[in-house]
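Using the sequences and the hints given, assemble the complete structure.
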Amino acid sequence: MDSFKLFSDSLGGNLSRKLLSTPRVYALAKQIFIRLKNFSFEASRMAAETALEQAAAAFRGENMVAWTSAFFPSEMVHAFSLIPFAPEGAAATAASLGMAPQLLRFADQMGFSNDACSFHRCAAAGTAGEYFPVPDMLLASSHLCDGAPQLFRYLGRRYGKPFYILDVPVFPGEAGERYLARQLKELVLFMEKTSGRKLTRKAIREAWENSNRAGAAQLRVNTLRRHLPSPMSGEDALGFVYLVLVGKGHLQTARIYETLARELAERVASGGPDPAGERFRLLWMHLRPYYKNDLLGIVESELKMRVAFEEINDVYWPPLDPERPFISLARKILSNPALGPARRRLARVKELAAAYRADGVIHFSHWGCRQAVGATVFLKDQLRKDGIPFLSLDGDCVDPNSFPPGQARTRLESFLELLEQRAG
Amino acid sequence: MFTSTEQSVNLHRPKVGWLCTYTPEEVIYAAGFQPYRLLPDENSNTGNDRLLPPTLCPYTRRVAAALEEGVYPDLKGLVVANSCNAMLHLYNVLRERSDRFVYLLDPPRRFEQTAVEYFAAQIGRMIRFFADAGHPVTRESLGAALALYRETGFILERLAGGGNGWVADGIGTLRHYEMALAASRSSREAFNRQLGASLDAETAAPAGENPAGPGRPGLLLTGAPPPAGLVKLLAAGSLRLPVYQDSCIGSRYWHSKDNYAGLDGAAAIDEMIYAVALTYMQKPPCPRSLEYSRERIYRGLLEKKLLKGIVYHDLNFCDLSHYDYLMLDKMLEGSGIPILKVRTELGQRDLGQVQTRVEAFLEMIT
Chain A
-8 MDSFKLFSDS LGGNLSRKLL STPRVYALAK QIFIRLKNFS FEASRMAAET ALEQAAAAFR
52 GENMVAWTSA FFPSEMVHAF SLIPFAPEGA AATAASLGMA PQLLRFADQM GFSNDACSFH
112 RCAAAGTAGE YFPVPDMLLA SSHLCDGAPQ LFRYLGRRYG KPFYILDVPV FPGEAGERYL
172 ARQLKELVLF MEKTSGRKLT RKAIREAWEN SNRAGAAQLR VNTLRRHLPS PMSGEDALGF
232 VYLVLVGKGH LQTARIYETL ARELAERVAS GGPDPAGERF RLLWMHLRPY YKNDLLGIVE
292 SELKMRVAFE EINDVYWPPL DPERPFISLA RKILSNPALG PARRRLARVK ELAAAYRADG
352 VIHFSHWGCR QAVGATVFLK DQLRKDGIPF LSLDGDCVDP NSFPPGQART RLESFLELLE
412 QRAG
Chain B
-1 MFTSTEQSVN LHRPKVGWLC TYTPEEVIYA AGFQPYRLLP DENSNTGNDR LLPPTLCPYT
59 RRVAAALEEG VYPDLKGLVV ANSCNAMLHL YNVLRERSDR FVYLLDPPRR FEQTAVEYFA
119 AQIGRMIRFF ADAGHPVTRE SLGAALALYR ETGFILERLA GGGNGWVADG IGTLRHYEMA
179 LAASRSSREA FNRQLGASLD AETAAPAGEN PAGPGRPGLL LTGAPPPAGL VKLLAAGSLR
239 LPVYQDSCIG SRYWHSKDNY AGLDGAAAID EMIYAVALTY MQKPPCPRSL EYSRERIYRG
299 LLEKKLLKGI VYHDLNFCDL SHYDYLMLDK MLEGSGIPIL KVRTELGQRD LGQVQTRVEA
359 FLEMIT
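For the record, the sequence lines run as chains A and B.
If you read the first sequence in our numbering, its first letter stands for residue -8, the second for the next number, and so on.
If you read the second sequence in our numbering, its first letter stands for residue -1, the second for the next number, and so on.
These are calculated hints, taken from the structure and not from any lab test.
Ideal Cβ positions, reconstructed from N, Cα and C, are used throughout, including at glycine.
Keep in mind that the hints are not guaranteed to be accurate.
[What the hints assert, rightly or not] These stretches of chain B come out as covered by chain A in the derived footprint (C-beta under 8 Å, 3 or more residues):
1) 79 to 91
2) 115 to 121
[To be verified] If we take Cβ atoms under 7 Å as the criterion, some of the chain B residues that face chain A in the derived model are:
3) 104
4) 106
5) 324
6) 331
[As the list claims (entries may be wrong)] With a straight-line cut-off of 30 Å between C-alpha atoms, the simulated BS3-like cross-links for lysine-lysine are:
7) B:74 with A:371
8) B:74 with A:152
9) A:152 with B:303
10) B:328 with B:306
11) B:281 with A:21
12) A:184 with B:328
13) A:283 with A:295
Have a look at this one:
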């Protein structure tokens, strides 16, 4: 059953903001996406339900809504008890509902260049088409992505709503931490003024502790995933991206990862899945396509190359210190291995490949992403020196017309042959 | 007059390549190097997928290809600023493939006090790097460099005759562009001498092009750094309109160095470094800015009624110029000021394709 098609068809293909604001739609979505769907893990069901409930609250205007870019520290949003809304995530949802081609055409008409990131083009078109909840403020950060902060400024002007953009330096260390921590303090003043709410020490402590609790549970999950054969598919693991985008600092995120850790521990204790389904193990870099496709099915089920771990699920940061909230949050942001020179990312990829005993690395190269795609030549050259096979799989996470499945299959089969040759 | 850049390069100083106008040339100079800006010409190779993917900015791809082809054989090293994703990836490639030193400088995208302090720390870090490489920057060498670079501003001010703060006034479109190229690649002493001499020789623009006279409505060339051919097209076709060049080979390069006043004497080196950081954070910003400063530039031009038309150079695969264009286009709604978006990959072939459109646009506004 295609859940997204069923949902869209049930609404007559009309997904306007007005319609999405109605309780009936969420009852329907809950029925189709949560109750009728077979989740591999209870934690996956909880994550889907959380995303749906937060979207419902945002559309209904039950609380103030803060739009956040992909790498913005969502702890700040939860400390203020605001509802986070990630337009880049909404673009992925739109793609899964089959709406992306129509939104991308609309973005063209709005003057957007077709070489810009399709997440951003869809997000911009979604606002113009009134598909999304109206923001009360827009919050973005500059790290990793040139386009997101510019998009948020554009959207802020479009809505006439205030926005704040964190300028994240590329070098960790005292100067960068101080610069970023001062901006985080300024951000508090901005959010207090915009929301009319006062940030208390108690609220900071709660959000920071929730973030730490989730991070600790996620580390347990990641440790369990080192088991052979892998107790979790890449398809399932990439489904937690919503929590990566907006979940940090929220209590429910901690509960979801704790549930997942418990489920994985049980799975590992019971011997895990059939080892025959795992001829090779992979490290997956960047994201995946969100429109209807069977890329991961081909990789994992058909070619039996199990995605053992994904770059986006990496816990690379040190725990936050609620007594030094801004410096420690700055330190967390600056510890991102993808920030700055690609040598940092490379070093982390090698560590992960070793830890998860990956036979190879696949980078899904989202066409408009300068940050991720720009490093692929470098990564391929460097990993080759270490004898780690690397495949940059060109495609687009949102635009189905920019992903030739036949070509992808051929390249995956060639990659499999390479792994087989190496294995002897 | 300013086209023969190679002849005026200081042969006693090893050359260090740089790309982004947030790179403080003064500091490179103070370390004993000759700063040399890498700007690909229109006949350069766009590179191939072995270095950088085709979805990255053509400026970085062309520079990477030129370096690989040995176009810049005598560079001692490179300073790459982290201006955008593409520049960072250029750094990654050069760092691994080059046998010269390659240094990454991280200029902020905000410009308030804390950003200036951060940038000063980054400049201090670069100075330590130079010192470790055997090229120390001393209080005396930095003081001398600041004085030298400040002098350029004095001469330009006299040459341009004040005006709107745009160097275009009184200098001429093409000469303005060529001067920026020359200044960013030449010995600054030699450049200042040339510039000073030109004060005596000719104060007016070449005959038939862009007469002196501040406050005249004109054409704005903005967006990503334009290829020389586009500037030539505008210089030839804009008749007697001044062309305000808001680009990294225009006003973003010719920014005030007034913060260096009084620093060439007994100032502490930290004070000088701070003045450099402040100067670069106060310069006309490029589209990477996260603040409202781009809007202020455009709004100022609109309010002063200085614009008869705008040519926007939108570099392919450059997210920053792309969003800057969208903002400007929105600001122009209802203003009656026409805008022409020109997309290029900085190559000769692109110019052939845009020539007719540019000529038609200029006919319309002149």
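Hint-by-hint comparison with the structure:
1. 79 to 91: Result for this restraint: holds, n = 9.
2. 115 to 121: Since three or more residues must qualify, the claim that chain A covers the region 115 to 121 of chain B holds, with 4 doing so at under 8 Å.
3. 104: Nearest chain A Cβ about 5 Å off; hint holds.
4. 106: 5 Å, holds
5. 324: Interface hint status for residue 324 of chain B: holds (6 Å vs cutoff 7 Å).
6. 331: 12 Å, violated
7. B:74 with A:371: 28 Å, holds
8. B:74 with A:152: 49 Å, violated
9. A:152 with B:303: Holds, at about 28 Å.
10. B:328 with B:306: 17 Å, holds
11. B:281 with A:21: Status violated; Cα separation ~53 Å.
12. A:184 with B:328: 28 Å, holds
13. A:283 with A:295: 21 Å, holds
Violation of the numbered hints given earlier is confined to hints 6, 8, 11; the remaining hints are satisfied by the structure.
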